[in-house]
Structures are given as structure tokens and as C-alpha cells.
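Chains as they are written, first to last, in this note's numbering: chain A, 81 to 378; chain B, 3 to 308.
Hints listed in this document are in silico derivations from the structure and should not be mistaken for laboratory results.
Watch out, some of these pointers could steer you wrong.
[Stated by the list, open to error] Some but not every residue of chain B turned toward chain A, in silico, with C-beta under 7 Å:
#1 PHE142
#2 ASP195
#3 ARG196
Computed from a predicted structure; not experimentally measured.
Note that the Cβ used here is the ideal one computed from N, Cα and C, for glycine as well.
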Amino acid sequence: MVSRQRRLLSFPAEDGFLINALLVSGEFSREKDLYDTPIVLLVHGVLGHFLARGTPRLLPNALEENGISSFLINSRMAFTGQMFGSAIFDESIMDIEAAVDVLVKEGFRKIIILGWSLGANISVYYAINNSHPNVKGLILEGCSSSLPLSNKNRLEKWNSVPSYDHIYDIAKKVLRPDPITTQNDRVFIVYRAWGPTFDPLDVELFTYRTWWFMRSPEAYNAKTNEIISGVKIPVLFIHGDEDYIVGHEEPQSLVKILKEAGNQDVELKFIPKARHDCMENPAVTVDTLIKWLSKFKD
Amino acid sequence: MKDDNSTKYMEQELVSIPFGKSKIDGLYYNSTIHDEDNKRNDTVIIHVHGFLGNFLDGSQRFLPPILAEGGYSSLAINTRMANFGLFFGYGILNDTIPQIDRVVEYLEEIGYKNIILSGYSLGTSIVLRYAALRKDAKNFPNLKGVITLAAPYSMPDSIRRRWNSLGSEPSYDEVLQEAKEIIKPGREGTGHDRTILIYKARGDSYRPEHTEIYTYRTWWYLAGPEAHTAMGYKQIEEIKVPILLIQGWYDEIVKPEETHDLAQVAIKAGNKDVSAFYVNAGHKFEDKEEELGDIIVRWLDRRFKV
């Protein structure tokens, strides 16, 4: 008998970044059953972490009730990473690699990566790079087609201060001679980034370097629409029907790109009565996930 | 699957304590070291994080396993001031008091009789404020002690002195002038608050690690000249339970004499059980984790050992 587990683990990424993770699994009669059942590796969104409200907080328990285990990680993008310089988008796939390695070494054979919002874009970048053979599928929740374009559109919509183009100009100066190797970096605030006011709840905070690799016109790996054609494993998109942060057309365009690239195992499900967080409608979300995950059970 | 944080001395559990419409998250370390009669030690330590911290980092992470080996359970919590509470306007020190009330109640419900509050850096302001407000032993009989790690004598003074010595941009006085406008009576909740960056607040460069982030309101209640709740010396003189103060001798954020001065205030105010220790470390107690833990376990043993 394998007993129910709620365990906190810590392990390093390739570059030494310490990842905290939470394993959530139910009872299994045999160890083999635990490892043969799909496990969902969950990657949080912007400023998120494994206890953040919404999907990270609610989904693991709901999956466990249906016999599916979860492994939630706090990547380098978690918490205040993007505000103090550690959250470099391109490097974050090392955190997924390390988490996958932990699961593979343990014996899990069917790993499904679920990325929520920013986590979805990271998961795609992981999947086209060093995806381990035991990673069998992707679930992309609230996935933007391009983080840079999404940021540009949002900042223009709210007439942000500074503007997207102004940030880009300053970033090029601050990050001289080269954003990859530079030792120069600064924190900056974008007012009216999430809404029409100067209120703290409408601001966005980055360093120029974290913005550069996640949101700038040169954040090539965060332009999911330009790289997703390289994903060859099954993909399920789930998207809140009332999502006002990422529009319907974004996952629809990504589905089209994948299919045109030859990946026919792609589905998109709009979750009614849910906004950017599909777990606002847990019944439909969990039902959708369980149905899709069932194809990996045999 | 091996869990590096689990040892034979403890069981670890993530807890979410219901608090109004929200929850208080914490990591509970249940010591499995019992006495000869297999009785659990009924002393527990609540750990409160520092600036931008949470229960996964710093002393909140490394101390509980050491204390568990000594027979003491711990609960490391995230308050409203954890992570980015200071950036988005809701990290107000006094608002953490009801949260800690709820955590204390939770620990009482699961059987603990001796509750010790431990804070690190910013967290010391929270625990000193809490213990001062809850000094009435009749109403709060289970609050038995306070531990401070790297405690500023006064958070506002400490921040002002540091910013002035580093030449922060903007300066302390410039932030104060703006904050006064924002905090004017009647302006609560009117959308006047703003997030602000202070460059060269923690070091002499513009780099992110030397930058601090607040809103004018969170700054006012933590660092403003009228932030009396964050002035440790004004709180510690009210506290009559045993106090243990520990600081790194080479602390680059809080001056070593601040711990000495806080101890003096407590003693002068009539507290008969005040101890202060220095360890050969900086603000984060790097490489002195075991030594720090040993000091705390010995202090607890003398007062609360089963």
C-alpha cells in the first residue's frame, strides 16, 4: 500500500537555483500503480507559487480525488523573481527539467505538464527543447499566444506609464552591452499596466532584464506562436470562456499552428463561467482534465 | 521519494488555517522527539518571516528542523506582509495581529500550552508588536515567550539611517513628504496610494538587490516617523514574558548595538528574563544555522522542557 502524500521537497536546477515543490498524491494499492498513473507537473503563473489561489491551490486536491497525482513547483519565476532579477524566462525551463528528472528518477513514467498562464508559455518552451520521453503531454491553461505581444497590447490598452516602446528604449540602454551578459539591471514600475488607475493593484514590476526575456520584442522564446509548431506531444488547451486577460483567439491560433505543423492530437476546451482561472468552474475543468488524462492510463 | 526536509525528528505538514474569507498558509513541523513517558512537548514556536519573506526561506526554513531535533515543534507562517504585500498596499503591520491571533488559537486547539513567537528582521517588528498588545496573561495565558532574530531597535529609524547613509533615491525625507499627502485623513481607500521604488536603499548601486519597493501606505506604517507599531523599543518595554534576542555581529542591515539597546529597554522596564546573544554572522546568519538553533534550544530547554 502506498499511503496518501503531501510532501514538500527541495532540489536544485542545473544552475543551482533551489526549487521548492509539493507532491500531492492519494492512496495506491501498489507502488507500480502510483508510477503508472499520470502525474501532473504544475507550473504557476505570473508572481505565482504552489499555494497561489486558483489552479495551483485547488486543482491538486480535485485531481487526487480522481486518482491523479500532482507535483507543483515554485520556479525561479515564482514570488518576487521578476522584480529582483532572478526570473529569466529562458532559464526557467531548467526548473521544469529538474522537476521532471526528480519524477523520472522516482519512477513516474507518464508525466503531463500543466502550465497556467505564464507557466503555459514556459511549458511550451520546455517541450520544444529538452522534453524527456516520459513527458507525455501538455495542458495549457489560459495560454497567451505571445507574451511580448500580450504585454504590448495590454500596456497600450491602459495607456501605461511608461509605454511599452519607452520601456524597450530604456531597456536597450540599461542592458548594454548585451542583455545576456550585462551586469547592469534595475527594477522599474509600469503604472496602469493592469487597469486604468495608478493604484498599486494596477501596476506591474520587473527588472529590465526579466522584462527583456519575458516581454520585450526580443523575447523570442516567449513568443509561443513562433515556437509551438515544435511541440509533437498531445496538447490540451483549457481556457476560461470569460477570460478577459487572454482572448479566445489566442489559444485558437495556437491550435491551428499545431495542427498545420502535423500535430493532430490537439484539443481546445472553453470552460464556461470561468475567467483566466479555469478552476472558477471546478466541475467542468476537472471533468475535462480527467477525461483527457484517461487516455494516458493504459 | 526522499524528502530532504523530513528527518526522523519531525513530520512536516502544509497547513491552511481558515481566517475570515481567506486562509493563513503555514508549514507545520511536528517534532517526534518525545519524553521518556512518550509525552509530546507542549511548547511550539511560531516563526514569522522577514522583508519579502515567506515560510520557505531563511530562518523560517532552517530553524524548525533544528528545533524539532531538540523536541520543539514549529509553525512557520505567511502573514499579510509576506512576499509582495508591501508592494501592492496590503502589507500593513497592524493587520497581521488578527492573523497571529488566529494562528495562536489554532495551536491552542491542537493542544499546545506554551506558545513562543519568533520573528526574523521585519518579523521581529510583528512579534514584538503582537506580544506588547497581548501582554495580559489572564486573556492570553499561553503566550510564553518571544524570540527576535536580527531585530531593529526601531524599524523607521533603522530604515532612515540606512537610506541616508547610502544616499538613497529618493531620500527618506522626499518619500516622507509624498507619503504625508497620500496618508492625509479621509484618503483611505480613495485610490491615492502609489507603488514606489527606492534605489540605493540596501547598498550603493542601482541594482535590484539594493532596491526596496513599497507603496506610500505600507511605507508609512512600517518606516514612517509615526510608525510607532514598528518601533521595537516602544513595544518591548510592554512585554513581560521571557525574551531572547539574537543577532549577527556582522549584520550589515541592523547594527549590532540595536539588540543590546532593545535588551536594555526591556530590562529597565522590569522584565526579569531577558537574554541577548551574538553570533559571528551577518543579517541572515549564514553558516551559523546550527549555532543559532542550539542557542534557541538551550534557551527553550531551561524554561519549557517537559
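### Task
Could you check if ASP195 (chain B) really has its C-beta closer than 7 Å to a C-beta on chain A?
holds, 6 Å
### Query
Does PHE142 (chain B) pass the interface check with chain A, least Cβ-Cβ distance below 7 Å?
PHE142 (chain B) check fails; min Cβ-Cβ to chain A is 29 Å, beyond 7 Å.
#### Entry: Agreement of hint ARG196 (chain B) with chain A interface, Cβ distance less than 7 Å
holds, 6 Å
Going through the hint list in order, the structure does not satisfy hint 1, though it satisfies all others.
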